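> Here's the letter readout for the chains.
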Amino acid sequence: MRPSSEPEARIEVDARGLRCPLPVIRLAETAKGKPPGTWVVVLADDPAARYDIPAWCRMRHHELAEMTELPSRPPSGETSNVPTSPVTGGLEAEGGDRGYVRFLVMLRA
Amino acid sequence: MVATAVEHSAILTTGRHHAAAAQDPSLFAEVPVDWSGRVDLRALQDALAVPGTVLAAVQCANGEIGTRQPLERAHELCGTHGVPLLVDAMACLGRDPAPEHFDVMAGDARSWGGPGGLGVLVVPARTRWRRPGPVSEVEHGRTDVEPMIALALAAAEAWRATQADRADQSARSSALLRRLRAAADHLPDVEVVGDPDNALAHVLTFSLLYVDGEALVTELDRRGFAVGTGSACTSSTLEPSHVLAATGVLTHGNVRLTLPLDPVAPALADGVSRFIAELPEAVAAVRAHLGAGDL
Chain A
2 MRPSSEPEAR
12 IEVDARGLRC
22 PLPVIRLAET
32 AKGKPPGTWV
42 VVLADDPAAR
52 YDIPAWCRMR
62 HHELAEMTEL
72 PSRPPSGETS
82 NVPTSPVTGG
92 LEAEGGDRGY
102 VRFLVMLRA
Chain B
30 MVATAVEHSA
40 ILTTGRHHAA
50 AAQDPSLFAE
60 VPVDWSGRVD
70 LRALQDALAV
80 PGTVLAAVQC
90 ANGEIGTRQP
100 LERAHELCGT
110 HGVPLLVDAM
120 ACLGRDPAPE
130 HFDVMAGDAR
140 SWGGPGGLGV
150 LVVPARTRWR
160 RPGPVSEVEH
170 GRTDVEPMIA
180 LALAAAEAWR
190 ATQADRADQS
200 ARSSALLRRL
210 RAAADHLPDV
220 EVVGDPDNAL
230 AHVLTFSLLY
240 VDGEALVTEL
250 DRRGFAVGTG
260 SACTSSTLEP
270 SHVLAATGVL
280 THGNVRLTLP
290 LDPVAPALAD
300 GVSRFIAELP
310 EAVAAVRAHL
320 GAGDL
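Chains as they are written, first to last, in the numbering used here: chain A, 2 to 110; chain B, 30 to 324.
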């Protein structure tokens with residue numbers, strides 16, 4: 002097992018299909034009790050997440066290392082994360098093809 | 030056209046529509062604001078310097094977060110570049126001294142306790158102004174319909190009454206808002222939005238981590254308090270308030286308090302005390318419902 006300080010050792014939170022404040026709550030649940038230096042990747046398609054995940058990092062003194070806008074159809078190799086849940090399906094039907102955002106967070110103290 | 034990123038959506042959607050219809054995004058520039066919602070004057074200056082700029086819109090203060098804009102400086106910059114300044118004074122008329130630095134000012138009689146349905150456009154003699162379209166003789170060519178005298182008189186009477194009591198009203202409102210701000214500051218995991226030192230005395234907005242904004246509005250409503258929210262994920266919108274987004278604060282769990290004028294709410298001080306007493310419980314209840322009580 003790799004030490005948690007290596008960027009390769011990432012915990013993924015796929016919050017696509019969840020609406021605010023649930024993506025931030027899922028991230029906080031995941032972060033709870035994890036040692037400083039742990040990397041967490043969050044995927045979210047809720048429009049509020051692009052403001053709220055950076056705000057959570059600021060309020061909790063974690064580091065937001067990257068924030069990347071991605072099209073809803075992910076590049077090949079990430080197909081296991083294609084949002085196919087009924088929840089996401091409903092969201093897409095309502096809001097159209099909006100893509101999602103990938104956040105890379107390093108937990109601090 | 031140039032506008033701050035926190036202008037009323039009536040201005041922003043019109044500007045964006047205009048640019049989109051002409052397929053030229055450069056026709057409408059949205060000027061960023063800082064964490065408090067105050068316009069970035071350097072960015073405003075850059076936008077004004079773009080050749081062909083014909084109008085700048087800067088509000089006196091923001092109705093959602095209360096932050097006042099540096100109108101005197103903005104008007105100076107506009108003057109330097111020969112661009113007229115439109116000031117949306119909806120949030121501050123009747124509360125703050127009327128703005129002095131503008132070329133055209135827009136207001137709504139409801140802001141000072143007047144009747145709904147009456148807008149006001151203040152055009153000083155120094156401003157060259159012509160109504161678009163054909164000119165009629167009504168009101169010296171400034172409108173094409175006969176004004177509704179009763180509405181105008183009611184608005185003028187409300188203005189007179191509000192102005193007579195404005196200083197006292199403002200002091201009372203400030204004192205209540207200070208108590209509310211202190212109460213909000215004491216909540217766990219809160220971001221109080223806006224500039225505490227240069228904001229309207231009757232507007233307070235704060236965002237709470239791990240709270241569903243609409244659930245909190247409903248919980249407070251159940252307890253007899255009517256508050257607003259800029260959070261998304263309500264029944265009406267998936268997008269959070271553009272004002273919260275522009276300032277970069279937390280957008281979920283948002284509560285917006287607007288203190289009514291005294292004649293509208295004579296028992297306001299009691300209501301504020303009860304709100305302060307019940308707010309922590311209401312927040313805890315909504316957080317517990319999402320299982321986020323100990324995060």
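Misleading hints may appear alongside valid ones.
[As the list claims (entries may be wrong)] Output of the computed footprint for chain B on chain A, the stretches with three or more beta carbons under 8 Å from beta carbons of chain B:
1) 13-22
2) 36-47
[What the hints assert, rightly or not] Where chain A lies over chain B, by a calculated footprint (3+ residues, C-beta under 8 Å):
3) 65-72
4) 155-162
5) 190-203
6) 318-324
[Stated by the list, open to error] Some chain A residues close to chain B (C-beta under 8 Å, calculated; not the full set):
7) R27
8) A29
9) E67
10) L105
11) M107
Bear in mind the hints are in silico, worked out from the structure with no lab data behind them. Every value quoted in this text rests on a predicted model; they were computed, and no experiment measured them. Think of the CB as a built atom: it goes at the ideal place given N, C-alpha and C, for glycine as much as any other residue.
> Take the hints in turn and mark each one as holding or not.
A quick look at each hint next to the structure:
1. Counting residues of the region 13-22 of chain A whose CB falls under 8 Å from any CB of chain B gives 3; the rule of at least 3 is met.
2. Taking a C-beta to C-beta cut-off of 8 Å, the region 36-47 of chain A contributes 1 residues in contact with chain B, too few for the three needed, and the coverage statement is violated.
3. For a cut-off of 8 Å, the count of residues in the region 65-72 of chain B with a CB near a CB of chain A stands at 0, and the three-residue condition is violated.
4. By the rule of at least three residues with a Cβ nearer than 8 Å to a Cβ of chain A, the coverage given for the region 155-162 of chain B is violated, with 0 such residues.
5. For the region 190-203 of chain B, the stated coverage by chain A is not satisfied: 0 residues place a CB nearer than 8 Å to a CB of that chain, which falls below the threshold of 3.
6. Closer than 8 Å: that is the beta-carbon criterion, and the region 318-324 of chain B has 4 residues meeting it against chain A, so the requirement of 3 holds.
7. Hint status for R27/A: violated, given a least beta-carbon distance of 10 Å to chain B, over 8 Å.
8. Against a cut-off of 8 Å between C-beta atoms, the interface hint on A29/A holds, since the closest Cβ of chain B lies about 4 Å away.
9. Nearest Cβ of chain B to the Cβ of E67/A: about 17 Å, over the 8 Å cut. The hint is violated.
10. This hint is violated: L105/A has a C-beta 19 Å from the nearest C-beta of chain B, more than the 8 Å allowed.
11. The criterion of a C-beta within 8 Å of any C-beta in chain B is not met by M107/A, whose closest approach is roughly 18 Å, and the hint is violated.
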